[in-house]
Amino acid sequence: MSINVLEQFKIQPIIPIHVGGVDISFSNSALYMVATVVVSTVFLSAAMSKRALIPGRMQSLAEMVYEFIAGMLKENVGDAGRKYFPLIFSLFMFVLCGNVLGQTPYSFTYTSHIIVTAALALGVITMVTIVGFATHGIGFLHTFLPGGAPPLAAIIIVPIEVFSYFARAFSLSVRLAANMLVGHIMLAVVASFISALGFLGIIPFAGIVGLGVLELGISCLQAYIFTVLSCIYLHDALHLH
Amino acid sequence: MATPHDDDTSRKLADLSSRVRKARLESGLGPDKIGPASGGIHSLMGMGLRIATELVVSVGLGGVLGWAADNHWDSAPWGLVVGLGVGFASGVMTVYRVVKGAEAVMGPLPKERTSAGKPEEIDPPENG
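Respectively, the protein sequence lines represent chains A and B. Residue numbers 25 to 265, in my numbering, belong to the letters of the first sequence in order. Residue numbers 13 to 140, in my numbering, belong to the letters of the second sequence in order.
Hints in this document: simulated from the structure, not taken from any laboratory. Incorrect hints may have been included.
[Claimed, not checked] Derived pair list, reagent style DSBU-like, types lysine-lysine, alpha-carbon separation capped at 30 Å: (1) B:34 to A:107; (2) A:107 to A:74; (3) A:107 to B:112; (4) B:112 to A:98; (5) B:24 to B:34; (6) A:98 to B:34; (7) A:74 to A:98.
[Claimed, not checked] Listing some non-contacts, in silico: residues in chain A with all C-beta distances to chain B over 10 Å: (8) 28; (9) 62; (10) 67; (11) 70; (12) 80; (13) 90; (14) 91; (15) 108; (16) 111; (17) 154; (18) 210; (19) 212; (20) 225.
In this text, a Cβ means the ideal position worked out from N, Cα and C, and glycines have one as well.
With the rest of the complex left out, here is chain A (with noise of 0.2 Å):
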């Protein structure tokens, strides 16, 4: 028995939705980010409709994903980040629920579509440049040429410079993207080989629990990332060394 690892990945409408020869069909991928949407607002506002003074357990959880987002910015942007929480805070939301989400079985991970992630990234890119150019104005392209640099050098460094600020849009959506997409590739290879083993196939089973845990503790951490680079890019946007 063969199982296909990538059909995992496939868009299939469910919903088809065509307007002017354009495909915009409801697909699985729009149904879990509708799924997250939900699911992270009313774990949000159940958690916190009580607004106990002593937290219980939800509460308390709600309130760890709040200040650790508020932490994540005040460390990384300092004071002048605090108006841009909402967005941070939902960015960080959209991915860690995709990428939790997208680990129970049956699922679709949207994370793990370039094409996800790099729209993610591109909003983000986009926005710092928008941020940089309101804060200083024409003297945001400063970040492309360092203070102390003869004029000379020049020539070599804003070429490389601004190859790196537009690169950083395509790190952070294939780091992302990648890491999902290698993980649900290899649980599924694993998961193939428990019934071709037929008894023996306990031993992958096994070892498909530990590689679930490591997958849910990498959903976290490239959430982590993914947010906290953004807040660093941010940082550098509004404080021109």
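Chain A is already provided as a structure; the job is to place chain B on it using the hints.
Relative to chain A, chain B alone:
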């Protein structure tokens, strides 16, 4: 010199400065501590993963862009050579910044490390 009055003043000043420091910390105005969070296996692991992708993506993107330029302008192999060079240089620069704990993933290096000699440092990869 050390009259009781002086002693009193200096103690008041010390008290004031400690209160100011505390207030600054509480209101988030403290000195911006930046870079990978100190300690913690997660941040170290995160940093390692980050460096790996940063370098690979830089070189890969440079190579792809150079190759695309070659196809477009029929300039092989110069686009690929320059693209890989720029990609490698920018990758090394990013990795250098991350390892140095510099906040900047972008932009000029922090003041204390910016010297006239720095630009030469990123020269060799460009030529390579």
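Going through the hints against the structure:
1. B:34 to A:107: holds, 23 Å
2. A:107 to A:74: holds, 26 Å
3. A:107 to B:112: holds, 29 Å
4. B:112 to A:98: Distance ~21 Å between residue 112 of chain B and residue 98 of chain A Cα, so the pair holds.
5. B:24 to B:34: Between residue 24 of chain B and residue 34 of chain B the Cα gap is close to 15 Å, so the pair holds against 30 Å.
6. A:98 to B:34: Given pair residue 98 of chain A, residue 34 of chain B holds - Cα atoms ~16 Å apart, limit 30 Å.
7. A:74 to A:98: holds, 27 Å
8. 28: holds, 27 Å
9. 62: holds, 28 Å
10. 67: holds, 23 Å
11. 70: Given that every Cβ of chain B is farther than 10 Å from that of residue 70 of chain A, nearest at about 28 Å, it holds.
12. 80: holds, 27 Å
13. 90: Nearest chain B Cβ is 15 Å from residue 90 of chain A, so the label holds.
14. 91: Since the minimum Cβ distance to chain B is about 13 Å, residue 91 of chain A lies beyond 10 Å and the statement holds.
15. 108: holds, 14 Å
16. 111: For residue 111 of chain A, whose nearest Cβ neighbour in chain B is about 18 Å away, the distance exceeds 10 Å, so it holds.
17. 154: Label holds. Min Cβ-Cβ 15 Å, cutoff 10 Å.
18. 210: The assertion about residue 210 of chain A holds, with a minimum of 16 Å to chain B.
19. 212: holds, 22 Å
20. 225: holds, 31 Å
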